[in-house]
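J.: Under the working numbering, think of the first position of the sequence shown as 45, with each following residue one higher.
Hints may be right or wrong, so weigh each one.
[As the list claims (entries may be wrong)] Dumping the calculated DSS-like pairs for lysine-lysine here, alpha-carbon to alpha-carbon at most 30 Å:
(1) Lys213 / Lys335
(2) Lys213 / Lys266
(3) Lys213 / Lys154
(4) Lys319 / Lys154
(5) Lys213 / Lys83
(6) Lys83 / Lys335
Source of the hints: derived by calculation from the structure; they are not laboratory data.
Note that the coordinates shown come from a computational prediction; the quantities given were computed from them, not determined experimentally.
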Amino acid sequence: MKVRNLLLAALFAAPAIADTPATATTVDPLANEPALSAKRLTGSLTVGYETNYTGRGYVVSHSVAGGDSVLYAAAKFNYDLGKRSKLWSLHSTIAYHAPTSGHNLYGHPKFGANNPMGAPAGMVVPGFPKKNIENQFTLMTEAKYTRPEWNISFGHDFVHGGLLGVMAKHYRNQGASVVNEVFIAPEWTPQGDWRWLSMGVKTSLSFQGIQGWWFEPYITGKFPIYGDPATEGSVLGVVTLAMSATADYFADPYNACGNGSQAFWIKLSTPWFVKENFIVTPSVSFNWLGKGGMDANRRSHVKQLTGNPTMVPFRNFGVVFGISATYTF
């Protein structure tokens, strides 16, 4: 099966990362299939585990997540519309992320001495929600146009819960942990000696929950480690360099991130094709906060009230290990 069915789940915590470049062909093997054909449908089912809760490149702090690790599951469906020398395809992804532990946000923080409110030291800070980051449900749909050396996707993201849900519910007081976005994602996939390279940028406009722009540029390189790529017993290497940034997303009245760069990360993964349609993927990601994310840590009102420097939303640097298993069809 094509590697693209793997990468969604193996790298799902960084949605900006695109699928494996399609192989250049002059005639689509599905060109003679009817428009409605089961042969045009492919997909994947994935379960996985990561040692830290992440989102848009942020590594969420222990204080905010109520723990560190996360379990996830994802189902992806691809429908190839198939035309000679040009390919439109439709994609849909359903994903669910669940932290493996949790408690009240910031764990019933208590006022520290010399807090700006003048409250007695040791008194519980009022007003914190009973739950930490909610389990995240994501529904992504997109249409993709593919040519030999480039492709472009147009789509919609619906997110309930997770880090974006916290931002909508608590940063913008929306009352619901829901964010809706539309996006465009062009990608360059050179052929010849550079066929293992892809680079692009996903640009998202949030129009519900929080309004504003996300930009997620990336460069991904792939190389065979053992055996012929995507054949039984083979191992593939994948290296991704990516970042996230915002514009007009965070408002000054809230102790949230500043706009601009949010996070930078390098992710390494090694998909192992145990069987033709079963892949196990270990991974490790190195994540750094950008200026906007650092602003959130600097301005954290919980840190100011408690005098505790660990009461911040994100880690300045985090190493995240993961493992996933994917069945493709």
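J.: Each hint should be assessed against the structure and marked as holding or not.
T.: Now the hints, each set against the structure:
1. Lys213 / Lys335: Satisfied, since the Cα-Cα distance of roughly 23 Å is no more than 30 Å.
2. Lys213 / Lys266: 38 Å, violated
3. Lys213 / Lys154: 23 Å, holds
4. Lys319 / Lys154: It is violated: about 53 Å lies between the C-alpha atoms, which goes past 30 Å.
5. Lys213 / Lys83: The given pair, whose Cα atoms are some 42 Å apart, is violated under the 30 Å limit.
6. Lys83 / Lys335: 47 Å, violated
In terms of the numbered hints stated before, the structure departs from hints 2, 4, 5, 6, listed from lowest to highest.
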